[in-house]
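Undergrad: For reference, the chains in residue letters:
Number of protein chains: 2
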Amino acid sequence: MDVPFLDRVMGQEEGVGKVDEFVGQLWRGWKQIRDEGTAQPLHLGLFRSDYLLHAPSKDVPTSLRQVEFNTISSSFGPLSERTATLHNYLRASTGYYDSSPYLKAENFPENRTTAGLAEGLAVAHAAYGVPDARILFVVQAGERNVFDQRWLEYQVLESHGIHVIRQTLDELAKSATLDIKSNVLRISSTTFKSYEIAVIYFRAGYTPSDFPTSAQYETRFLLERSRAIKCPSIPLQLAGGKKVQEVLTKPGVLEHFLADEGRWEGQTFSKDDLAELRASWMGMWGLDDDDAETSDSGAEAKETSGVRKAREQASSLVLKPQREGGGNNVYKSSIPPFLDHLPPRERQAWIAMELIVPPEGLGNYLIRAGSGSEGGVKADVVSELGIFGWALFGDPSVEVKEKEIGWLVRTKGKDSDEGGVAAGFSVLDSILLVDD
Amino acid sequence: MDVPFLDRVMGQEEGVGKVDEFVGQLWRGWKQIRDEGTAQPLHLGLFRSDYLLHAPSKDVPTSLRQVEFNTISSSFGPLSERTATLHNYLRASTGYYDSSPYLKAENFPENRTTAGLAEGLAVAHAAYGVPDARILFVVQAGERNVFDQRWLEYQVLESHGIHVIRQTLDELAKSATLDIKSNVLRISSTTFKSYEIAVIYFRAGYTPSDFPTSAQYETRFLLERSRAIKCPSIPLQLAGGKKVQEVLTKPGVLEHFLADEGRWEGQTFSKDDLAELRASWMGMWGLDDDDAETSDSGAEAKETSGVRKAREQASSLVLKPQREGGGNNVYKSSIPPFLDHLPPRERQAWIAMELIVPPEGLGNYLIRAGSGSEGGVKADVVSELGIFGWALFGDPSVEVKEKEIGWLVRTKGKDSDEGGVAAGFSVLDSILLVDD
Numbered sequence: 001m002d003v004p005f006l007d008r009v010m011g012q013e014e015g016v017g018k019v020d021e022f023v024g025q026l027w028r029g030w031k032q033i034r035d036e037g038t039a040q041p042l043h044l045g046l047f048r049s050d051y052l053l054h055a056p057s058k059d060v061p062t063s064l065r066q067v068e069f070n071t072i073s074s075s076f077g078p079l080s081e082r083t084a085t086l087h088n089y090l091r092a093s094t095g096y097y098d099s100s101p102y103l104k105a106e107n108f109p110e111n112r113t114t115a116g117l118a119e120g121l122a123v124a125h126a127a128y129g130v131p132d133a134r135i136l137f138v139v140q141a142g143e144r145n146v147f148d149q150r151w152l153e154y155q156v157l158e159s160h161g162i163h164v165i166r167q168t169l170d171e172l173a174k175s176a177t178l179d180i181k182s183n184v185l186r187i188s189s190t191t192f193k194s195y196e197i198a199v200i201y202f203r204a205g206y207t208p209s210d211f212p213t214s215a216q217y218e219t220r221f222l223l224e225r226s227r228a229i230k231c232p233s234i235p236l237q238l239a240g241g242k243k244v245q246e247v248l249t250k251p252g253v254l255e256h257f258l259a260d261e262g263r264w265e266g267q268t269f270s271k272d273d274l275a276e277l278r279a280s281w282m283g284m285w286g287l288d289d290d291d292a293e294t295s296d297s298g299a300e301a302k303e304t305s306g307v308r309k310a311r312e313q314a315s316s317l318v319l320k321p322q323r324e325g326g327g328n329n330v331y332k333s334s335i336p337p338f339l340d341h342l343p344p345r346e347r348q349a350w351i352a353m354e355l356i357v358p359p360e361g362l363g364n365y366l367i368r369a370g371s372g373s374e375g376g377v378k379a380d381v382v383s384e385l386g387i388f389g390w391a392l393f394g395d396p397s398v399e400v401k402e403k404e405i406g407w408l409v410r411t412k413g414k415d416s417d418e419g420g421v422a423a424g425f426s427v428l429d430s431i432l433l434v435d436d
Numbered sequence: 001m002d003v004p005f006l007d008r009v010m011g012q013e014e015g016v017g018k019v020d021e022f023v024g025q026l027w028r029g030w031k032q033i034r035d036e037g038t039a040q041p042l043h044l045g046l047f048r049s050d051y052l053l054h055a056p057s058k059d060v061p062t063s064l065r066q067v068e069f070n071t072i073s074s075s076f077g078p079l080s081e082r083t084a085t086l087h088n089y090l091r092a093s094t095g096y097y098d099s100s101p102y103l104k105a106e107n108f109p110e111n112r113t114t115a116g117l118a119e120g121l122a123v124a125h126a127a128y129g130v131p132d133a134r135i136l137f138v139v140q141a142g143e144r145n146v147f148d149q150r151w152l153e154y155q156v157l158e159s160h161g162i163h164v165i166r167q168t169l170d171e172l173a174k175s176a177t178l179d180i181k182s183n184v185l186r187i188s189s190t191t192f193k194s195y196e197i198a199v200i201y202f203r204a205g206y207t208p209s210d211f212p213t214s215a216q217y218e219t220r221f222l223l224e225r226s227r228a229i230k231c232p233s234i235p236l237q238l239a240g241g242k243k244v245q246e247v248l249t250k251p252g253v254l255e256h257f258l259a260d261e262g263r264w265e266g267q268t269f270s271k272d273d274l275a276e277l278r279a280s281w282m283g284m285w286g287l288d289d290d291d292a293e294t295s296d297s298g299a300e301a302k303e304t305s306g307v308r309k310a311r312e313q314a315s316s317l318v319l320k321p322q323r324e325g326g327g328n329n330v331y332k333s334s335i336p337p338f339l340d341h342l343p344p345r346e347r348q349a350w351i352a353m354e355l356i357v358p359p360e361g362l363g364n365y366l367i368r369a370g371s372g373s374e375g376g377v378k379a380d381v382v383s384e385l386g387i388f389g390w391a392l393f394g395d396p397s398v399e400v401k402e403k404e405i406g407w408l409v410r411t412k413g414k415d416s417d418e419g420g421v422a423a424g425f426s427v428l429d430s431i432l433l434v435d436d
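Order-wise, the sequence lines are chains A and W. So the first sequence is numbered by full-length UniProt numbering: it starts at 1 and just counts up by one. So the second sequence is numbered by full-length UniProt numbering: it starts at 1 and just counts up by one.
Treat the hints with care, as some may be off.
The list treats identical chains as interchangeable, and a pair is accepted whether it falls inside one copy or across any two copies.
Once the Cα atoms are required to be at most 25 Å apart in a straight line, the calculated SDA-like pairs of lysine to any residue come out as [to be verified]:
#1 K193 - Y96
#2 K104 - V130
#3 K193 - N88
#4 K18 - L339
#5 K302 - I387
#6 K193 - T94
#7 K401 - S99
#8 K104 - L157
#9 K332 - A279
#10 K302 - R345
#11 K174 - Y97
#12 K104 - H163
#13 K332 - P343
#14 K104 - A126
#15 K193 - K250
Simulated from the structure, these hints should not be mistaken for laboratory data.
Take the sequences, apply the hints, and build the full model.
TA: Below is the structure:
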């Protein structure tokens with residue numbers, strides 16, 4: 001974990017935390033805890049990296065481009081597996097009525113995401129080293145996506161014999177206690193005995209609305225302070241920020257992380273590797289980027305080169321704030337008026353990203369349950385691919401453990417106004433592999 | 001298949017078919033078909049043999065005694081597997097709150113009944129020898145136990161790539177056709193293409209109410225006449241009759257089937273084997289049994305020794321007619337008045353069986369969903385064990401294939417009036433193996 005890097009990009013003193021209250025709160029809590037001394041060096045990530053196909057013109061080959069990288073509450077893994085099972089059952093059962101020669105068994109890849117996610121949690125549990133300790137799922141009250149989480153819980157119990165406790169931050173405010181000396185986290189209540197927690201898996205805490213009062217932050221920090229392995233820790237959550245995604249594209253940053261001989265004892269990535277990785281990214285920059293590099297304190301008031309560039313290229317851009325959960329992005333023609341009213345100090349929280357241009361003319365029927373004869377809609381669609389993986393890392397004396405484990409496809413109606421992936425009609429889908 | 005034996009015991013000329021209209025109908029249909037020439041020598045059985053613990057007194061060891069042997073529509077295999085999974089999940093999840101040292105993982109035996117039943121169907125399908133042919137499930141209209149059947153259907157498709165078609169006898173009256181020369185059975189309709197049927201699995205046709213008119217019998221016989229392998233064929237269905245169960249207990253009958261050197265080329269069962277098998281049976285006799293052995297045509301009007309014995313021992317007996325589905329038995333004190341009014345010619349359809357005496361003092365809570373606070377009932381219970389197996393047999397040129405595949409437990413409230421297994425409150429349950 002590169003603490004100075006995260007401080008610079010996401011921190012409250014120099015980074016996004018200056019202007020984003022939520023990021024600032026998390027960063028301040030983390031800062032205090034690490035100043036006291038961190039009880040657990042390991043971080044667990046259950047990650048999902050999302051991609052769209054990019055086909056801007058017939059002159060260039062279609063390529064996969066990264067939309068974002070999720071370090072917290074990467075969802076829909078188990079439901080994606082159920083969807084793949086459904087599509088494979090329909091193939092076996094109906095042969096899709098011979099509607100396409102591609103719809104044959106060998107083109108349906110396996111989806112074992114649930115077992116993979118469970119293995120990540122189990123490996124962290126083993127690293128914690130207390131067999132009877134449990135895994136805590138921190139969940140939102142009234143969670144609607146509960147079945148996605150329950151499949152994972154059952155798999156953890158069935159395959160690894162590890163028990164899961166589900167609690168909200170509000171419940172944990174009453175039930176969670178930290179041993180002052182050992183930093184062992186225990187959960188107790190009138191109905192439970194008291195259980196030691198080995199791993200904390202966050203399916204809540206990624207959005208400001210999970211923290212209506214300071215009490216929820218206090219609970220989050222109590223969990224962070226514990227010896228339990230966090231999935232993710234606060235710094236790993238911050239590392240998933242949009243601003244980090246953008247900064248990684250700046251010259252030299254990728255080299256700093258992946259090609260520093262001194263850091264990796266010769267086991268570095270080659271120039272070709274880095275070029276290939278960069279080729280999966282769209283162009284990005286910060287609205288606070290400025291060629292002028294003035295140290296004039298009045299500079300904030302002036303328009304940065306980052307903002308100017310965003311105005312000029314607005315028709316092929318999306319602006320993304322430091323917010324999870326979607327629905328906050330600003331697209332194309334909405335960008336100039338938005339920039340007119342964006343307070344200069346908030347520029348730091350926003351990145352500009354070239355829009356991915358999905359292939360044209362991909363149609364499908366989107367079916368919604370319970371909508372009667374109007375439940376089926378023929379639509380131009382765009383499919384987003386998610387690749388799941390896990391990593392356990394952070395202790396210099398222990399080798400990093402990591403694995404790529406599965407996939408997710410979400411197919412959405414393509415809103416021609418916005419050109420990209422609009423909110424709204426979206427369904428879980430499956431991969432069909434086709435030789436090209 | 002011992003045709004003369006079945007004719008003698010179940011046929012219309014000498015056996016149960018004389019007095020039981022349903023058995024007579026099935027037997028007549030079978031007789032006509034075999035006189036024409038049987039198109040398919042193989043029979044498939046998916047069997048379930050049911051047992052109760054017998055503990056009549058403290059002086060004799062508790063033993064397992066056979067209740068009955070099912071040759072048609074042996075149900076609850078897949079649901080039994082789900083129940084075992086549920087109980088094992090509850091063990092893993094709660095440890096049953098340490099309520100008993102027996103409730104540990106190694107005491108929960110595996111239940112893979114669904115895969116075993118599917119394998120039986122698949123082996124028959126392979127023996128039929130047409131890879132694209134389908135399996136026909138003959139089902140009742142408005143079947144409530146459909147999920148038990150669907151799990152099996154999905155397993156057959158998933159594990160063996162074999163498609164299942166579900167139809168009622170009434171649907172088959174329109175959709176089923178038989179090729180006159182080849183006796184190939186095909187199912188067609190406006191929504192299906194036409195499919196050849198390799199195996200017919202009956203989950204209907206075991207009770208007279210499945211045959212409200214002669215049309216359903218005609219359809220049943222069309223299926224029987226086909227080259228498809230029947231599970232069960234009519235003779236195999238008849239072999240499951242209560243009367244057959246009783247006749248097997250008569251001196252010499254077991255020896256005829258299992259210890260005839262000429263028949264089995266030396267591969268026979270030993271006397272000890274036969275004694276062990278007999279030890280799993282209760283005493284049984286036919287109400288038409290008569291020591292007097294008169295050939296006097298007026299004998300029917302007199303009370304046979306079988307009836308006299310039933311009167312004398314009524315308090316420890318159950319009378320069972322040739323009927324599937326339960327609810328037709330006559331117990332203990334109800335026996336003498338019942339015998340007073342039983343027309344003498346119907347004696348042939350009834351057997352007397354000594355009541356199995358289940359162990360005393362086994363209590364449990366029986367929970368019924370949706371019954372509010374009155375849904376839980378503490379009751380003395382009795383548990384019935386079912387053992388599933390399949391066999392493919394009947395072609396002298398092909399070795400018999402067979403396998404024991406799984407189990408079922410049903411636990412019922414013990415009605416002290418009747419002493420045995422009364423109808424009513426009954427739940428799916430699981431085995432817990434305990435060293436004694």
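Undergrad: Taking the hints in turn, state whether each one holds.
TA: These are the hints, each one checked on the structure:
1. Taking the closest pair of Cα atoms, K193 and Y96 come within 25 Å of each other only across two copies (14 Å); inside a single copy the shortest separation is 52 Å, beyond that limit.
2. Taking the shortest Cα distances, K104 and V130 sit within 25 Å of each other only across copies (21 Å), while inside one copy they are farther apart (46 Å).
3. In this assembly of identical chains, the alpha carbons of K193 and N88 lie at most 25 Å apart only when taken from different copies (22 Å versus 43 Å within one copy).
4. In the homo-oligomer, the alpha carbons of K18 and L339 lie at most 25 Å apart inside one protomer (19 Å), although the nearest pairing across protomers, at 95 Å, exceeds that limit.
5. For the homomeric pair K302 and I387, neither the shortest alpha-carbon distance inside one copy (41 Å) nor that between copies (83 Å) is at most 25 Å.
6. Taking the closest pair of Cα atoms, K193 and T94 come within 25 Å of each other only across two copies (12 Å); inside a single copy the shortest separation is 50 Å, beyond that limit.
7. Neither within a single protomer nor between protomers do K401 and S99 lie at most 25 Å apart by alpha-carbon distance, with minima of 43 Å and 39 Å respectively.
8. Only between protomers do K104 and L157 lie at most 25 Å apart by alpha-carbon distance; the minimum there is 15 Å, versus 34 Å within a single protomer.
9. Taking the closest pair of Cα atoms, K332 and A279 come within 25 Å of each other only inside a single copy of the chain (23 Å); across copies the shortest separation is 85 Å, beyond that limit.
10. Taking CA atoms no more than 25 Å apart as the test, K302 paired with R345 passes inside one copy only; the shortest distance there is 11 Å, against 110 Å between copies.
11. When the C-alpha separation of K174 and Y97 is checked against a cutoff of 25 Å, the pair qualifies only between copies, where the shortest distance is 24 Å, while the shortest distance within a copy is 56 Å.
12. In the homo-oligomer, the alpha carbons of K104 and H163 lie at most 25 Å apart only across protomers (16 Å), although the nearest pairing inside one protomer, at 39 Å, exceeds that limit.
13. Taking the shortest alpha-carbon separations for K332 and P343, only the intra-copy value of 19 Å comes in at or below 25 Å, while the best inter-copy value is 92 Å.
14. For the homomeric pair K104 and A126, the shortest alpha-carbon distance between copies (23 Å) is at most 25 Å, but the shortest distance inside one copy (40 Å) is not.
15. In the homo-oligomer, the alpha carbons of K193 and K250 never lie at most 25 Å apart, since the shortest distance is 51 Å inside one protomer and 61 Å across protomers.
Violated hints, listed in ascending order, are 5, 7 and 15; each of the other numbered hints is respected by the structure.
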